[in-house]
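> For reference, the chains in residue letters:
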Amino acid sequence: MRRFELRGLLRLLADHQVNYVVVGGVGARLQGAPNITDDLDIVPEPTPDNLARLAAALSGPVTTKKSVDSTEYTAHPVVEPAEFYTDYMAMYVTSAGALDVLIELPGVGPYDALLREARSYELPDYGLTIHVARLEHIIRSKETAGRSKDFLVLPSLYEAATRLTEQGDSYELDPAALTVDLPPTGPDDDIPRAL
Amino acid sequence: MATETTAAAAVEVPAKAEERAAYYRARAAEAMARARALVGRPWTSDPGLRVQVEAILALSPQDRLRQLEEQVATLSALRPLGPAVAGR
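The listed protein sequences correspond, in order, to chains A and B.
Sequential numbering of the first sequence, starting at 1, is according to this note's numbering.
Sequential numbering of the second sequence, starting at 196, is according to this note's numbering.
Same shape as in the complex, but just chain B:
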């Protein structure tokens, strides 16, 4: 697989729009196949995750966003700011 990836990366991206679109579609299909193989199929539901998903979907959309903002704020407050991350 590593050889295929290297070979694919070395191919020049086609200049024509239609050929370029086909090229990117093919690359996307290859990437999806790799991702699914890595994550593991057949995928099975995780009850712990399911509870979290249900809890979020029970909220209104703006409360889903507020909850996310609060979680980010909590994590940001815990994270030490160094030079590499201070700008972002």
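Isolated chain A, as found in the complex:
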């Protein structure tokens, strides 16, 4: 049985201090879509340091990578940052499960474009807060990719997006919660600062 441990995958990324936004099926599930996926799709911050950390996180003796134009996964213990740019989607299987890396979400853009409107969720048991691409962006990526399997999930995504638009998500972290009021240090310093 193929392993799929989201906690392990997210922990792996956190332990290596990788900055990323969750997209794809896991991002859609976090926003109410009932579709099932068995891999974690992420768009990393495309800085050299961050991509190096991501490559280090994915590297390992059991790591495999999907070959281009094939369904085969082959041993790939050492991941290089440049790989993330060579394929539309670089697909790996780690000890915790499958993880796909996209430098850019089709039809939307890179990390910065996603992060600006991302939803944030706290996972207390995992000890993590994660950023998830807004469902409208995930929908746009599926519409843009245009594969049959993408079209099949669109009705569920539209349904979840409609529900979120109408009532929101009570578990979404309020951006205001990420700011803190620091005590003023002088007469001109009385403006709340964002973390």
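No lab work stands behind these hints, which were simulated from the structure alone.
Predicted model only: the values in this text are computed from it and were never measured.
Some clues are possibly wrong.
Unchecked claim - Some chain A residues judged to face chain B by a derived CB distance under 10 Å, without partners named:
| hint | residue |
| --- | --- |
| 1 | Pro81 |
| 2 | Ala82 |
| 3 | Phe84 |
| 4 | Tyr85 |
| 5 | Thr86 |
| 6 | Tyr121 |
| 7 | Arg163 |
| 8 | Ser170 |
Unchecked claim - Far from chain A by the CB rule (all over 10 Å, computed), these chain B residues:
| hint | residue |
| --- | --- |
| 9 | Val208 |
| 10 | Pro209 |
| 11 | Ala210 |
| 12 | Lys211 |
| 13 | Ala212 |
| 14 | Ala217 |
| 15 | Tyr218 |
| 16 | Asp241 |
| 17 | Glu249 |
| 18 | Glu264 |
C-beta: ideal position from N, C-alpha, C; glycine also.
Assemble the complex: chain A is given as a structure, and chain B must be docked to it using the hints.
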């Protein structure tokens, strides 16, 4: 439409970053129009789907992920592993 798609695919992707971005934006807009036409507009809500969405959103985020993991495990246990899928 098939002719347009073929013609568009034959166009070489521009080398300049700005032109390339515009090219991909245009391709994305075409793809979105095709997807929406295929899925059907105006889209109408499905009560069965809505119930599932409500049930998921009633869970905490980590419970949403746990539920997904459990569903994957259940499906994986049912799926016979052949050579083509054993690696993944």
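> Which hint numbers does the structure go against, in order from smallest to largest?
The structure breaks hints 1, 2, 3, 4, 5, 16, 17, 18; every other hint is satisfied.
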